[in-house]
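Residue strings, one per chain:
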Amino acid sequence: MPPNGTSQTRSQRALDLLNFFVADVQTGFGPFVAVYLTMHKWTQVQIGFALTLSTIVALISQLPAGALVDAAPNKRRAAGGALIGVIVAALLMAFWPSDLPVLVAQALHAFSSCVLTPAIAAISLHLVGHAALGERLGRNASFAAIGNGLAAAAMGVTGTYVSSQSVFLLTAALCVPALLALLAIGRGPHARQQTTTQLFDWPGLRRLFTNRQLLAFGVCVLLFHMSNAAMLPLLGATVTMRTGTFANLIIAACIMVPQAVVALCSPWVGRSAASRGRRPVLLLGWAALPLRGLLLAVLPGAWLPVAAQAISGVSGAVFGVMLPLISADITRGTSHFNLCMGALGLAVSLGAGISTTLGGWIADTAGVQAAFAVLALVGVLATLALWLVMPETTPDPPRTDWQARQPPPAGSE
Amino acid sequence: MSRNAPTSTHMPQRHLRAVFALLLTAAAAPAGEVQQVPTDQALAILGQKVADPDGKDIGRLVDVLVGDQGLPQAAVIDFGGFMGVGNRKIAVEWSALHFAPSDAKHPITLDLTQDQIKAAPEYKDVTKPAPVVVTPETPR
Chain A
0 MPPNGTSQTR
10 SQRALDLLNF
20 FVADVQTGFG
30 PFVAVYLTMH
40 KWTQVQIGFA
50 LTLSTIVALI
60 SQLPAGALVD
70 AAPNKRRAAG
80 GALIGVIVAA
90 LLMAFWPSDL
100 PVLVAQALHA
110 FSSCVLTPAI
120 AAISLHLVGH
130 AALGERLGRN
140 ASFAAIGNGL
150 AAAAMGVTGT
160 YVSSQSVFLL
170 TAALCVPALL
180 ALLAIGRGPH
190 ARQQTTTQLF
200 DWPGLRRLFT
210 NRQLLAFGVC
220 VLLFHMSNAA
230 MLPLLGATVT
240 MRTGTFANLI
250 IAACIMVPQA
260 VVALCSPWVG
270 RSAASRGRRP
280 VLLLGWAALP
290 LRGLLLAVLP
300 GAWLPVAAQA
310 ISGVSGAVFG
320 VMLPLISADI
330 TRGTSHFNLC
340 MGALGLAVSL
350 GAGISTTLGG
360 WIADTAGVQA
370 AFAVLALVGV
380 LATLALWLVM
390 PETTPDPPRT
400 DWQARQPPPA
410 GSE
Chain B
0 MSRNAPTSTH
10 MPQRHLRAVF
20 ALLLTAAAAP
30 AGEVQQVPTD
40 QALAILGQKV
50 ADPDGKDIGR
60 LVDVLVGDQG
70 LPQAAVIDFG
80 GFMGVGNRKI
90 AVEWSALHFA
100 PSDAKHPITL
110 DLTQDQIKAA
120 PEYKDVTKPA
130 PVVVTPETPR
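Protein chains in written order, with numbering that gives the first Met the number 0: chain A, 0 to 412; chain B, 0 to 139.
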């Protein structure tokens, strides 16, 4: 830990706020875009095109965006640029919801998100270093979940009772405190070891992409999202089908209850990953998937599935903390941390794409119960894959006594 | 996916009749004449809110299925959900809809409650027969 304790405390608080506000500004750009464009008299074909464009841009931007953040000497500037991109995208959506502006906004937002996620992880690493990263990522995920849950509630209410435009105005407005928090973080004491000036370092790239740990984790991540991504949308449709009148309340609960669980679990996940190793924590998060799928397949009614959905908070907390943590393990001593996060982000996007297609198709042909059962089965495969191929990545040598005795990072009461 | 694509391509004589009727109308009206239709007399319905008989918003009208006479057969309503999660598209019988272009608050009313349409199969595939919810025997 650096001797300068108060500035470290301040930076950690600022990073908490950054995570909180960045999660906020992602909420409006989710499935709500389809609703918003419907209100602006977009046809179903046009809406489908805009959403597909956003998916494709997110898919192809992951690796370049990761490399870009690696090459940026100042990760805070990269995150700031991405936030300005989100502001522009949100204002375009709010004030100019016609063809070209919306397509530009969707593409801009997708690219900015691909920059923001690794940049925030890199800023965290610079601030606390590898030794305290688990704990820090736990805090990140916790504040992001609180931001996500509150933003969903606030935007749900303003979108319904004020105007649909207000959702995007709120998004743009919330980028401002995010930028202020970013400014307040300052240069991290561990920044030097992670900065590269080389954009194309071929031997390093070859080492990264033939790294067995990365390949193994990539497969596990892909399977995780293949099981995970379709569950919430399918549950939403099921809830709407089972209860006419209160469906939106129940779906809101399905979104917010897991975020509360993530907020509560994440700090514990971060600490456990540091003290007990990565594998047991990963197994817990992955194994929660088939359990949730199975419960969603068998639980009747509309309120009981909310309880099953709460389990997704455990998976969510583990995933949110472990993806950057394992990336940092794998790329320790190299300058490809963000590229590694991008590669795993690509696995997330691919897995999620397969999941929604597969889940939707099974739900149409064999019913929603069968779809949940198949997703649970994929979750079993994901857990097995993790158990069989994923090595422990806690850096060698393991934590020594002096590391274990270190006080927790300043400011984390 | 063009939702308005005619599904009955094996009835050319009907199509011919429709085209002929169109030509007749076109011939009757001098080209280029513009008539101003006030907003309280004609309503743009795509994306418009749909309310249930109690005046509660239940969804939005996103598409119209039209028969070979050009008459609307059914409306596709996107309903339910929270922030876009859990939305479903349901086709309802056209005659179950009532339009009031001058009523800014509830321009479209559906004669079915949310509970009556909740379990209807989702309208997804334009190439398959549309599952259209029809009104019960005794309309309100």
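One should not assume that every hint holds.
[Stated by the list, open to error] Below, in silico cross-link-like pairs of lysine-lysine (BS3-like), each with a Cα-Cα straight-line distance of 30 Å or less:
| # | chain 1 | residue 1 | chain 2 | residue 2 |
| --- | --- | --- | --- | --- |
| 1 | A | Lys-40 | B | Lys-88 |
| 2 | B | Lys-127 | B | Lys-104 |
| 3 | B | Lys-104 | A | Lys-40 |
| 4 | B | Lys-88 | B | Lys-127 |
| 5 | B | Lys-88 | B | Lys-48 |
| 6 | B | Lys-127 | A | Lys-40 |
| 7 | B | Lys-48 | A | Lys-40 |
| 8 | A | Lys-40 | B | Lys-55 |
| 9 | B | Lys-88 | B | Lys-123 |
| 10 | B | Lys-104 | B | Lys-48 |
| 11 | A | Lys-40 | B | Lys-123 |
| 12 | B | Lys-88 | B | Lys-104 |
| 13 | B | Lys-48 | B | Lys-123 |
Note that these hints are calculated values from the structure, not bench results.
Structure-based check of all given hints:
Distance hint between A:Lys-40 and B:Lys-88 is fulfilled; the C-alpha atoms sit about 16 Å from each other, no more than 30 Å. With a C-alpha separation of about 34 Å, the suggested pair B:Lys-127 and B:Lys-104 falls outside the 30 Å cut-off, and the hint is violated. For the given pair, B:Lys-104 sits about 17 Å from A:Lys-40 by alpha-carbon distance, which is consistent with the 30 Å threshold. This hinted pair checks out: B:Lys-88 and B:Lys-127 have alpha carbons roughly 14 Å apart, not beyond 30 Å.
The straight-line distance between the Cα atoms of B:Lys-88 and B:Lys-48 is roughly 14 Å, inside the 30 Å bound, and the hint therefore holds. The suggested pairing of B:Lys-127 with A:Lys-40 holds, with an alpha-carbon distance near 24 Å, which does not exceed 30 Å. For the suggested pair B:Lys-48 and A:Lys-40, the alpha carbons sit about 11 Å apart, so the restraint of at most 30 Å is met. Distance restraint check for A:Lys-40 and B:Lys-55: the Cα-Cα separation of roughly 21 Å lies within the 30 Å cut-off, and the hinted pair is therefore satisfied.
Note on B:Lys-88 and B:Lys-123: the hinted pairing holds, with a Cα-Cα distance of about 7 Å set against a maximum of 30 Å. Annotation: proposed proximity of B:Lys-104 to B:Lys-48 holds, straight-line Cα distance about 9 Å (limit 30 Å). Distance hint between A:Lys-40 and B:Lys-123 is fulfilled; the C-alpha atoms sit about 19 Å from each other, no more than 30 Å. For a cut-off of 30 Å, the pair hint linking B:Lys-88 to B:Lys-104 stands: about 22 Å separates their Cα positions.
Between B:Lys-48 and B:Lys-123 the CA atoms are separated by roughly 20 Å; this keeps the pair inside 30 Å, and the hint holds.
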